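K.L.:
Chains as they are written, first to last, in numbering that gives the first Met the number 0: chain U, 0 to 501; chain R, 0 to 501; chain B, 0 to 501; chain C, 0 to 501.
Rather than coming from a laboratory, the hints here were simulated on the basis of the structure. Given the structure is predicted, the values throughout are model-derived calculations rather than measurements. The C-beta atom is built at its ideal place from N, Cα and C for all residues, glycine as well. Incorrect hints may have been included.
Under the rule of at most 35 Å between Cα atoms (straight-line distance), these lysine-lysine pairs were calculated in the DSBU-like manner [unchecked claim]: (1) U:Lys290 x U:Lys304; (2) U:Lys304 x R:Lys69; (3) U:Lys218 x R:Lys159; (4) U:Lys159 x R:Lys99; (5) U:Lys145 x R:Lys159; (6) B:Lys175 x B:Lys190; (7) U:Lys159 x R:Lys218; (8) C:Lys190 x C:Lys290; (9) B:Lys69 x C:Lys290; (10) R:Lys317 x R:Lys331; (11) C:Lys290 x C:Lys304; (12) U:Lys190 x R:Lys235; (13) R:Lys235 x C:Lys497; (14) R:Lys235 x U:Lys69; (15) U:Lys416 x R:Lys69.
Simulated restraints on C-beta separations [what the hints assert, rightly or not]: (16) C:Thr116 x B:His481: 35 to 41 Å; (17) R:Thr63 x U:Asp266: 42 to 48 Å; (18) R:Asp92 x U:Ala478: 55 to 61 Å; (19) R:Ser344 x C:Gln273: 45 to 51 Å; (20) R:His332 x B:His481: 55 to 61 Å; (21) R:His332 x C:Lys290: 55 to 61 Å; (22) R:Thr128 x U:Arg394: 28 to 34 Å.
One side of the interface only, derived from the structure: several residues of chain R facing chain C at Cβ under 7 Å [said to hold, decoys possible]: (23) Tyr64; (24) Cys213; (25) Glu214; (26) Ser220; (27) Leu350; (28) Phe465.
Protein chains: 4
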Amino acid sequence: MLRFRALCTTGFLTQQMCQRSGWHRKSDLLRPFLSSVTLSQFKQPVAGLGMDELLSSVVPSLGTYETRDKNPPPRESQILEFMRYYRDLASQDKSVLLEKLASGYGADHELVADVGTRLLDSLQRDAATVLQIEDRLRYYLTPRYKVLLNYLSRLEGGVKFLVDLRADALDILESKVTDSPHIREMNSILKYMLSEWFSVGLLNLERVTWHSPCELLQKISEYEAVHPVRNWADIKRRVGPNRRCFVFMHGAMPGEPLVVLHVALTDHISSNIQDIVREISSMDTDEEAEKIDTAIFYSISSSQKGLQGVELGNVLIKRVLRELQGEFPHMKHFSSLSPIPGFTSWLLGALSSQAKEMSGSDIFTDAEYQEISEIVGSPPMESLKRLFSNNEWVRSERLVNILEKPLMKLCAWYLYKEKHRGYALNPVANFHLQNGAVLWRLNWMADKSPRGISNSCGMMVNYRYFPEDTSNNSAQYLATKHIEASEQILNFVSQFQKNSKL
Amino acid sequence: MLRFRALCTTGFLTQQMCQRSGWHRKSDLLRPFLSSVTLSQFKQPVAGLGMDELLSSVVPSLGTYETRDKNPPPRESQILEFMRYYRDLASQDKSVLLEKLASGYGADHELVADVGTRLLDSLQRDAATVLQIEDRLRYYLTPRYKVLLNYLSRLEGGVKFLVDLRADALDILESKVTDSPHIREMNSILKYMLSEWFSVGLLNLERVTWHSPCELLQKISEYEAVHPVRNWADIKRRVGPNRRCFVFMHGAMPGEPLVVLHVALTDHISSNIQDIVREISSMDTDEEAEKIDTAIFYSISSSQKGLQGVELGNVLIKRVLRELQGEFPHMKHFSSLSPIPGFTSWLLGALSSQAKEMSGSDIFTDAEYQEISEIVGSPPMESLKRLFSNNEWVRSERLVNILEKPLMKLCAWYLYKEKHRGYALNPVANFHLQNGAVLWRLNWMADKSPRGISNSCGMMVNYRYFPEDTSNNSAQYLATKHIEASEQILNFVSQFQKNSKL
Amino acid sequence: MLRFRALCTTGFLTQQMCQRSGWHRKSDLLRPFLSSVTLSQFKQPVAGLGMDELLSSVVPSLGTYETRDKNPPPRESQILEFMRYYRDLASQDKSVLLEKLASGYGADHELVADVGTRLLDSLQRDAATVLQIEDRLRYYLTPRYKVLLNYLSRLEGGVKFLVDLRADALDILESKVTDSPHIREMNSILKYMLSEWFSVGLLNLERVTWHSPCELLQKISEYEAVHPVRNWADIKRRVGPNRRCFVFMHGAMPGEPLVVLHVALTDHISSNIQDIVREISSMDTDEEAEKIDTAIFYSISSSQKGLQGVELGNVLIKRVLRELQGEFPHMKHFSSLSPIPGFTSWLLGALSSQAKEMSGSDIFTDAEYQEISEIVGSPPMESLKRLFSNNEWVRSERLVNILEKPLMKLCAWYLYKEKHRGYALNPVANFHLQNGAVLWRLNWMADKSPRGISNSCGMMVNYRYFPEDTSNNSAQYLATKHIEASEQILNFVSQFQKNSKL
Amino acid sequence: MLRFRALCTTGFLTQQMCQRSGWHRKSDLLRPFLSSVTLSQFKQPVAGLGMDELLSSVVPSLGTYETRDKNPPPRESQILEFMRYYRDLASQDKSVLLEKLASGYGADHELVADVGTRLLDSLQRDAATVLQIEDRLRYYLTPRYKVLLNYLSRLEGGVKFLVDLRADALDILESKVTDSPHIREMNSILKYMLSEWFSVGLLNLERVTWHSPCELLQKISEYEAVHPVRNWADIKRRVGPNRRCFVFMHGAMPGEPLVVLHVALTDHISSNIQDIVREISSMDTDEEAEKIDTAIFYSISSSQKGLQGVELGNVLIKRVLRELQGEFPHMKHFSSLSPIPGFTSWLLGALSSQAKEMSGSDIFTDAEYQEISEIVGSPPMESLKRLFSNNEWVRSERLVNILEKPLMKLCAWYLYKEKHRGYALNPVANFHLQNGAVLWRLNWMADKSPRGISNSCGMMVNYRYFPEDTSNNSAQYLATKHIEASEQILNFVSQFQKNSKL
């Protein structure tokens, strides 16, 4: 990386970007291996091997602490068989297998407890003894299945296998069909392992352009979750002039973008998404580096559910921020243009309770309430609920105008005051605040797409990044849960607070 | 011998163990490249910052189990400062710092002991409780300094920093100036961390040729510990026709070959190293894939002391074996041609005790002993000791002939019977036997270089790899310490055993 | 038909000949990329500079033969200005400029004639004198504008500029608005220059896959003239398993595929295009190298009109043939599956003359004629003409069946007997026959697309390549105009000949 | 190229530099072809095939003008055979073959003369006729052997073959064993062909670093003609910090640098070569882009004799100049630091004539002459000649001091006044003056190596490039032979002129 940086003064070209044609070097080298294994080892079916037998044959024993470096590895062919077996299982059978694996091959609790007790006794003794017992404790706390997971990680495609396996575990935990403490433990173990492998030092930052491999651009189009890509002309613009698209790649998962960040390069803090992705705009012209002073992060998507909780997005934002500062001499402003998923739902909930207990006076001024009544008829709160549910309200220009102010206040309140365990309830807000951004500006009619109206009544919000403050902001938010917000937001909140009984 | 073993538990020689090849020193010549980034970022000196203050400012607290995902990271600039500070320390100051770090920022033993005790109480309760306490125990067993190490690993160059830091820790433990249990623990923690990052799935196998970057070929020349590279013509041959040179690279240490394996492609199991690296030979012609059926692993070197104990060499051999099977349709035989470091030392030791307590009859037949006396004068054992010490014996053809048989027997005995904790004493033997190779054939006058004579009286040994047997052999050796050996070896051993009282 | 032939003397279809695939226009979307360099360098307008002044300022003089190595080059900035000026001209202004350039800056005819005369006088003298005069003659035969063209070729993008300029010249010559002998000369000079630069040794063969840059795949989709690409899933298949897509690239036109060859890998000589590009077929599975013994060249497209007459397609076929022999051990058969553009037109023309002068007996047997009459009514030839014009005939299964035999005969005749200057009239036939292929097999209902029906009543033809015979076949065809054809073709022709008075 | 430039703001990274590992992509793709041809076709010796028979079998006939596009190509196998045959010939046999080829397969002089005469007759007629006859004339002026050369150029390795063949032709012409007008013609034809292929638009500029392939660095070391590379540490410095090494590569000769330019990056116009290549200097530290404002071209070497006269060096200098302006914001000064080969020889010649005809007063002032006499004894001119011949004079510090002034004057005179056909006699001076540089500054004791003393009494000279003036200077020099020189040079010249009778 160092070497390459010295060559490319833009500083962000990664090896893989420039080695376009060498793209598959690694896999070329491996081809003989891959195909030989594939063909010779996988041709025969596993012929009725039961799940229990399979597990007991592939999960190695942990061995004693004393012989911990001398455990013979399991046969590679067996583990490859296990991988194939697992991949071919139906979803519910995967659940069964994971439960068997997690509960049947855990740590030896009595042994752990025994060593734990010995630790207490040793505390009066010398450091060497204490440390040795602790090391022993660490060792015996390793679930037996972790030995299998470790071997899996070493095979071609093994890391990806574990990422997918963790996605399965998360699905099980989320589905709540079963509340398995063992699968919860396995999920936690896997998250820890993946955090090690996907640590920042092992990630490659790459810029995606129209010259990148089609396979990569196809994946990026498919993974785009925030503002769906409509066609190839659309994705071509998103990697074209006045845009940047960056991804994190990982050596163990070649060709697989882990997180994708889309940036628009502008001369102002964008107030709506239409200018960026929806319409052919003034952006589709030559880049003029002299005029560009603002970077708008308008989409960040993660592609691997199995990497949930492994911090990638925030690191990508930080790295990209530095890249852009390096590339553009006048780059000064950094901001997201973010969706507010869940606001409309929250609003509908609020309106429901409103409807029951109180007048609209919590939300609207008398004048507003009066005008709304005129437009939607009575009872206005009920009508509004219906209009918000089906996006019909945006058809009335008058309604859109009268609702702007109150909805902005409501949304500011929602973002600033609604919490989950003390942190911002809205997940996008929580993500950017953890990163150290400032809750900066609400924008009206910023996303006019049906999706934008459904999610957040068409509003979007800028989370602004001041590079010199992000560390402090982040630490403060994490420690004290304080949200750094702009005047605009705080004014909206206090205006709302005056009236509301929420 | 113990010391030797401690140096290379993987069983192959590291750079540090061997004298350099006379090439310009790496550190001198590479400094301009290496430091370009470093210097520009750290122009200001750390201005009298004390070590204790520095440590307390950069080592984060562990945080409670409950808030374990909410710990704010330390400032990146501080950690970069710490890296620079540490790199510039003198060797003894590094010891001081590591001791302070390891002992002052360890786990909270009382807390651990407390949770450990709670585990015992919980064993009667439900699985969820047990697993939750175990998870808590795992968490509190994390030394505080590991949080720092984790942050370090995420910075540009951080993984390499930790590899070097572990090399320092190993130096301290080997030097025995201090026997610090804390540094021993830190070494163990680091080894575990590095094992995760340098797991096989994250390693890239690359073939090195004359078209590879000069920087890489220079490093490979410098790292070659087994048969030193004399000049660029020499290294050009070693990556030329009828040879293969493979390395493992890692994304977090770009441009840095971690293990290097040199292979000669032949039609027989090579019996001496001269044909391969010393002299211009029939090998330096075009490759004829049709004739090649044997791969001789004639050198394997590790470049990073800090990765000691992280299995790389054996994996590299396995991968290369498969590569070669893929490339050459007729490839059938795989064998090392290995040095026997330590044999001469062991022999001198044996002769010393011989000289004192007994006649040469343990080692030599009467006829041999008689003839040796004639050549070297009396007392023959004393003379032999002297001649082995200064390599003079090889000048006498007669002596070389008469010694062939007895030295071969002695060396077979040394390799097969001399043990350390039950495993082969000779580190190279132990390495290949752990990999599942067979102790195959001793070769007389196989390495006539002064180095070869000094190490092993000019003998080399083939460890042969039978792909279908390696798994079993390896497991058997690790579990039962059984050494799989050929007839030749076993015959030598039993012949020796008849006479010897060793 | 004549016009058609003039368009494609290489014998394969160019982009311009065919309707586009409906993709967004290249010129619109790529402008941001292409012009980034251009714009930054040429901010100032050329401010009213007249065409004559411009030409006289940029076309250097030829200089005398004696000082031919000492001519100072024109200013680069002027030539760049000229490039921009030319590119921005409207089509008719380009014509004017090219005419001015070609006629106003040609060779000095009197000087040439003078030297030519001197040559005659010198023939009796020594070789040195003769050769020197010839060299002088060669020199003075250089039109002055060629000096400009040479300088142009040396600038970034200059070769592409000349390729486009020649395309303009070809357009002028084809449009016949003017029959300029000067532009004809310039075209010939340009063709010669381009032939040098695009000579085989300077072309790079590249395989295109789904990992190739999106830009390249977009271009290949757009350039596909034979079987238009419908969407990205379609192009993905065409570079996927059981296919190969090769292009020739050239260093002076990076990112620009010059010729594209699509190959299907099969176990038989394909008899229809539907299996290959239209429908999801058994081809979209893993490749089984063992089963593949046939390569079907099913599309070859040239992308640069300006390279007309520069042999690229035939060389690409030869190179690809060797590539495939290298990749697939069992590869034995090579054949095109080619369209027959112009057959339907030719048929309609034939029917017209038929209708006037004769009964259908030239074409159909009595039984056939009878049955056709029953189906289409009277007069049958008139009805047939109408049905062939609007593709309606394929809706009648009965008609399709009854027409198969006669149309196959007619088409065989068309391909084998219809000539232009003694060579095959059909351009695709002429292309493959020049390459040394054999006119192998007509296939009924081989292209059921509207386009296929319109072009050739749904027929396609295989031109088969026997690697060992292509050289001879090609030489024979070029020298004697003999067409090597299979039994099937010859039988059809002779059957037709019996009846026909054509 | 365009695309890539957009990515790398330094603007000079070529595809190959970044695609380090893809370096052999092309040849990989071609390997199947190459090896199959090599093995199957070249195994058998050409078995007594005579040279005349071979030539007559491989040189195609030119064909008539009318059928010029229909000539069947020769068999590829025959041409490959010819290439092998020629390569294996001894040097004198190559001469014979080239003479046979050039004289036996030239143009048809009578036909040319005939057409030439017709041209004269046609001058009164229409343009179409004139141009058509000229085209015909051009065609028949093509020597038959050029058809062969064209075919050769299309084969793998063919361009390189022709480059080497021209080097052979140049050797023959230089050796003067024979003065063949035919080989002179062939040389001229080849030069023209090569000029087309090696035109600037087809050359790739690449920067060489320590990360470049070893093979490339080895070649650059070997080709370095100006200041020989001593070892690998030396070449490593020359591609290290504060240096740049650029090469031109060509697609048809992969891995073969055509011209190499070494640049030192400084803050002043270097006055000696010792600081740059001989001694470890302050240059071997980190680059500080802020301080660098001067680029010193201290070595330019061409590697292919066969490309003599094809302008590469001057174009490389211009491109590099632009590269460096792009990379370094403060780059203002450009200058060579050049050797003065031939000065000492010229001086010895001058002294010889001096010794015969005159006193030293032409060269030295009386005081100088007096002091020299004291040091070297009488007759001083004879002694000086001897001392200049064997480099002994530099051992006397006194002599070095007294000679500085007169030798500088002499050398200025030599560079500025000594001519060959009106242009500077010194070839290095002529090269830079043709490029538009200014004869800037003579430097005393600028190259203290034996080679430097032998060539030019230790002097070196700066030719300075003022980017805005080079075009004019170059044109002026070529047209009027005027040398643009600095005050220092002009003063030396006029001081010398006062005394001298030279």
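K.L.:
All the hints need checking, so say for each whether the structure fits it.
P.N.:
Results of checking the hints against the structure:
1. U:Lys290 x U:Lys304: violated (38 Å)
2. U:Lys304 x R:Lys69: holds (21 Å)
3. U:Lys218 x R:Lys159: holds (32 Å)
4. U:Lys159 x R:Lys99: Answer violated: Lys159 (chain U) to Lys99 (chain R) is near 39 Å, above 35 Å.
5. U:Lys145 x R:Lys159: holds (26 Å)
6. B:Lys175 x B:Lys190: Between Lys175 (chain B) and Lys190 (chain B) the Cα gap is close to 19 Å, so the pair holds against 35 Å.
7. U:Lys159 x R:Lys218: Between Lys159 (chain U) and Lys218 (chain R) the Cα gap is close to 32 Å, so the pair holds against 35 Å.
8. C:Lys190 x C:Lys290: Violated. Lys190 (chain C) to Lys290 (chain C) sits at ~43 Å, over the 35 Å cutoff.
9. B:Lys69 x C:Lys290: violated (39 Å)
10. R:Lys317 x R:Lys331: holds (14 Å)
11. C:Lys290 x C:Lys304: violated (38 Å)
12. U:Lys190 x R:Lys235: The hint is violated at about 46 Å.
13. R:Lys235 x C:Lys497: Judged against 35 Å, a Cα distance of about 60 Å means the pair is violated.
14. R:Lys235 x U:Lys69: violated (38 Å)
15. U:Lys416 x R:Lys69: OK: Lys416 (chain U) and Lys69 (chain R) at ~20 Å, within 35 Å.
16. C:Thr116 x B:His481: 35 to 41 Å: The hinted range 35 to 41 Å holds for Thr116 (chain C) and His481 (chain B), with Cβ atoms some 38 Å apart.
17. R:Thr63 x U:Asp266: 42 to 48 Å: holds (46 Å)
18. R:Asp92 x U:Ala478: 55 to 61 Å: violated (34 Å)
19. R:Ser344 x C:Gln273: 45 to 51 Å: Taking Cβ atoms as reference, Ser344 (chain R) and Gln273 (chain C) lie about 49 Å apart, which means the hint holds.
20. R:His332 x B:His481: 55 to 61 Å: Roughly 57 Å apart at Cβ, these two residues keep to the hinted range, so it holds.
21. R:His332 x C:Lys290: 55 to 61 Å: holds (60 Å)
22. R:Thr128 x U:Arg394: 28 to 34 Å: violated (56 Å)
23. Tyr64: violated (46 Å)
24. Cys213: holds (5 Å)
25. Glu214: holds (5 Å)
26. Ser220: Violated. Min distance 9 Å.
27. Leu350: Where the cut-off is 7 Å and the nearest Cβ of chain C is about 44 Å from Leu350 (chain R), the hint is violated.
28. Phe465: For Phe465 (chain R), the interface hint is violated, since the closest Cβ of chain C sits about 31 Å away, which is over 7 Å.
Consistency note: the structure conflicts with the earlier hints numbered 1, 4, 8, 9, 11, 12, 13, 14, 18, 22, 23, 26, 27, 28.
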